[in-house]
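Asks: The primary structure of each chain is shown beneath.
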Amino acid sequence: MVNRNKIHPLLIDPVTVRDGVRGIERPKSFMESVSEDPEVLKEISNHHIVSARQFSKETVVQLCRLAAHYETTPTLIHKPLSDKIMISAFSEPSTRTRFSFESAWSRLGGNVMSMTDPGTTGLAKGESMEDIAEMFSNYGDVMVLRSSDDEMIYSILEYLRIPVVNAGNGIDEHPTQALSDLYTILKWRPDLSFDSPESKIKIGIIGTPGKMRTVRSLLLLLSYFHSAIDEIIIINSEEGVFSEGQAEELKHSGLSLRIEKNLEQILPELDVIYINSIAWVGDTYETLAGNLKLHAASPLKKDAIILHPLARGPELDTSLDQTEHNWYFAQARGAVFLRMALLTCILQKIDQVADVQI
Amino acid sequence: MVNRNKIHPLLIDPVTVRDGVRGIERPKSFMESVSEDPEVLKEISNHHIVSARQFSKETVVQLCRLAAHYETTPTLIHKPLSDKIMISAFSEPSTRTRFSFESAWSRLGGNVMSMTDPGTTGLAKGESMEDIAEMFSNYGDVMVLRSSDDEMIYSILEYLRIPVVNAGNGIDEHPTQALSDLYTILKWRPDLSFDSPESKIKIGIIGTPGKMRTVRSLLLLLSYFHSAIDEIIIINSEEGVFSEGQAEELKHSGLSLRIEKNLEQILPELDVIYINSIAWVGDTYETLAGNLKLHAASPLKKDAIILHPLARGPELDTSLDQTEHNWYFAQARGAVFLRMALLTCILQKIDQVADVQI
Amino acid sequence: MVNRNKIHPLLIDPVTVRDGVRGIERPKSFMESVSEDPEVLKEISNHHIVSARQFSKETVVQLCRLAAHYETTPTLIHKPLSDKIMISAFSEPSTRTRFSFESAWSRLGGNVMSMTDPGTTGLAKGESMEDIAEMFSNYGDVMVLRSSDDEMIYSILEYLRIPVVNAGNGIDEHPTQALSDLYTILKWRPDLSFDSPESKIKIGIIGTPGKMRTVRSLLLLLSYFHSAIDEIIIINSEEGVFSEGQAEELKHSGLSLRIEKNLEQILPELDVIYINSIAWVGDTYETLAGNLKLHAASPLKKDAIILHPLARGPELDTSLDQTEHNWYFAQARGAVFLRMALLTCILQKIDQVADVQI
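Residue numbers (the numbering used here), protein chains in the order written: chain X, 1 to 358; chain C, 1 to 358; chain Z, 1 to 358.
Everything labelled a hint here was simulated from the structure, so no lab data went into it. Any given hint could be a false lead.
Unchecked claim - Straight-line alpha carbon distances no greater than 20 Å define the calculated EDC-like cross-link-like pairs of lysine to aspartate or glutamate that follow:
#, chain 1, residue 1, chain 2, residue 2
1, X, K6, Z, D149
2, Z, K6, C, E248
3, Z, K349, X, E264
4, Z, K6, C, D150
Unchecked claim - Computed beta-carbon distance windows for the label pairs:
#, chain 1, residue 1, chain 2, residue 2, range
5, C, L11, X, E244, 17 to 25 Å
6, Z, E158, X, E32, 33 to 41 Å
7, X, E244, C, P74, 18 to 26 Å
8, C, D317, X, T318, 27 to 35 Å
9, X, H78, Z, P74, 21 to 29 Å
10, Z, K42, X, E158, 39 to 47 Å
To be verified - Covered stretches of chain Z (chain C as the covering partner; in silico rule of three or more C-beta atoms under 8 Å from a C-beta of chain C):
#, segment
11, 131 to 138
12, 310 to 319
13, 331 to 342
For every residue, glycine included, the Cβ atom is placed at its ideal position computed from N, Cα and C.
Take these sequences, add in the hints, and give me the full structure.
Replies: See below:
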């Protein structure tokens, strides 16, 4: 044990809050640049949220605007989800996503019932999906489901009488992560939500769209913003980057896509770099080839921003944390507010939080 | 993975709520047919609830009436248990019962502290029952206990300064399940609560009263309603159907009881069929003989209702789910409202929720 | 199974509340004997709480006074921490401390996110402390951390943007337990908070200050009250009772300290006896020599009080439970109110609960 017979210097002063991209200036500017349109959000009222295909550009923009409203409102006077119950069912370990959803729900006034150990539940005992759905429909107001199996969420929603939100289903989708990514991008450049943005951007994605659910959902959401995107470059040196039909669907939606192998060569062109090295395959995961790494000495464009869904491995060096390229911490923070916005809409409380009400 | 490069049809429309026995018509009719009598409920104020022997017919009827009040009130304006704390201690896995209690408590405005892993608690470390009871009395306002041991709840209540509710103690009792069963029966036939019901009913119980805690508690509650029950038939082909003195106690309370071995032969006579194939014995369970099964082709009386405490095994075929005999889903749903009613009474908040207050 | 075909006698009457040292008379007297001084409590607003070295005598007394305010106020009308979020992260099993913190937080209106299984968290997956701190800062309003490692809390607080409270860090400190100990002592003898108490007391500590975090923090707090303490006697027959520099620091702070080996011989002199036989060493614990035991026949001074942080082993015999020496149950109960007081101050809500507001 350290001999510390005197008070530690960090205990003398109050806890300090560092500002920067985590402050309220960015979400405030974004709110001011976009008009409120609560009607658009009613399109997802009482809907299951499973796929990024369920949204429109307008819905994404308004969800991000509502997230910005929450990010700039430190304490809610009226709690729209007072004593509503979220059932949080995670059959894969994920403190980060689970806490983000539970924190969002709690800040809206609701209560949480968590199931983190599938061994103690019907999900493991072999109960039918109908019986499990019946149980959850009786006990909660919304369900958040993470599973390593692609199909479970589609099976359960057939029987649910409450909305379910996909918190990651196998290698298929992770739509709330992608919405958080878009929220980050729009805080950085609100004009990208306009029909004619000030300039188009180039986005680089270090990852495997065919196997990474975060990337799959992100690409689907980005397709709504194709008029603001010059090109998306997938940086990947492996075979089978896309799943069957994936590239075709995205191109059909208006995205310009290409694959590059050399990270260092393409980096100086990119405005946004999204990096994720973990792809879930069944119950385990594989990591991307180890030469795709970002660090403070990487040849980044001056104003480029880096996004990462976290938790990170060696692919994203901590030397970047104190640079202006670090938007991944803002992205993690924004995820709570984006989920607050989404849950408010699903639970049909949008009238209670629209600007005009406040 | 399924290739699903387009939106799933079930994601297009809002979540639908199926009505029927799950609607509010039945609880509303029941409420209207029974007068409110809050004084009767004060008899269980601040009491431990361990055995079905603690109630009277009047208390059971009024608890069910209060449950119906909650079932017909989608959102409580006043939360009677605001920030009260339930300690939920389950030393047997049971998502269903645990979530039902926690959901009931949350809907009343309270907070929950859960203990689902006995390995992390004093219950496992061999602390004395007095010390554990002292701890729980300091930290919570009510305790809900599930244990595989019959005696633990009786040991701990000697020392508790807060009420404890039995959520299943070994093979002894499960009184809140039995109250939920009665609530279901009274929603189906409110007249059974009258001194002179329109007609008496025949109840069949597929199970072993001597070994199944749900059945033990149910029979005790049914004995209060003996004037509405023509006969109870236990359907069982094994030895030792009753525990010592059990049949005598029930007959002394006014019930007419007999045992039958042939399910198909007795089914056409029955108005209510209660089925449960799992009996807990020590730390494990045994299932009943496999020939006692219900399915859509079983020779059921036209208006007969089926109850099952769930989770189910093969003894209750899913072919019955879409029939009018399916009252087991209504039973599961009603359990939340019944527990809300019971907890309101124990915590002495009955004055705040009586009809006259609303 | 016990044959219990009749109602158990303990189920007939309501739950009884035993009074005595658990009643509200003691905290009320203490409140009346000390003037309120909320300004002193603002010194810990928005501070990490890691070491007993962070307090002053005035802060300790005012924290105890606020704890007494909560102990004498059965139901809070205004909940100062409504929907604030506590992240409770325990990498060592501890139902007692965890529930005490969570109960305190809930009673103040807040919500809790618990992490009891380090295997499901980044703490185990080898994420950097900065990333973990970033995550918690986004999702919660305060963090409570228990770890078997001395250093973790000092590493994480460098990066946190929310306050962290030390709920036990290895063998280093456990300041909230020590504050609860002081609260118990001041309820017993409010005059010990005065500059000139009615009489000075002798305190015996059965334990190893060098290895027991509860004792380490307690001694630091007691040093603020040196003018009320005649002498502190450590009862211990082993080598290495103190850690390096520990005795010197305490003597320098004004405490008079000595070590004795014979418990029976010293007992008749002591006004307060603090006993704890468990010392955590790394991931496991060792118990003190087994001859240091207290029981009803021990030669205790007539008015002596016994404190124990619980859970207890054989060193504290249950024969003492029904005696006037038993202040360890009052100590456990008071810990909830003391933590309510501390959390109120850290979260900067002291203005909302000061007497003048009520």
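Asks: Confirm or reject each hint.
Replies: Hint check results:
no., hint, result
1, X:K6 x Z:D149, "19 Å, holds"
2, Z:K6 x C:E248, "12 Å, holds"
3, Z:K349 x X:E264, "52 Å, violated"
4, Z:K6 x C:D150, "15 Å, holds"
5, C:L11 x X:E244: 17 to 25 Å, "21 Å, holds"
6, Z:E158 x X:E32: 33 to 41 Å, "35 Å, holds"
7, X:E244 x C:P74: 18 to 26 Å, "45 Å, violated"
8, C:D317 x X:T318: 27 to 35 Å, "58 Å, violated"
9, X:H78 x Z:P74: 21 to 29 Å, "28 Å, holds"
10, Z:K42 x X:E158: 39 to 47 Å, "56 Å, violated"
11, 131 to 138, "violated (count 0)"
12, 310 to 319, "holds (count 4)"
13, 331 to 342, "holds (count 4)"
Checked against the numbered hints above, the structure breaks hints 3, 7, 8, 10 and 11 and satisfies the rest.
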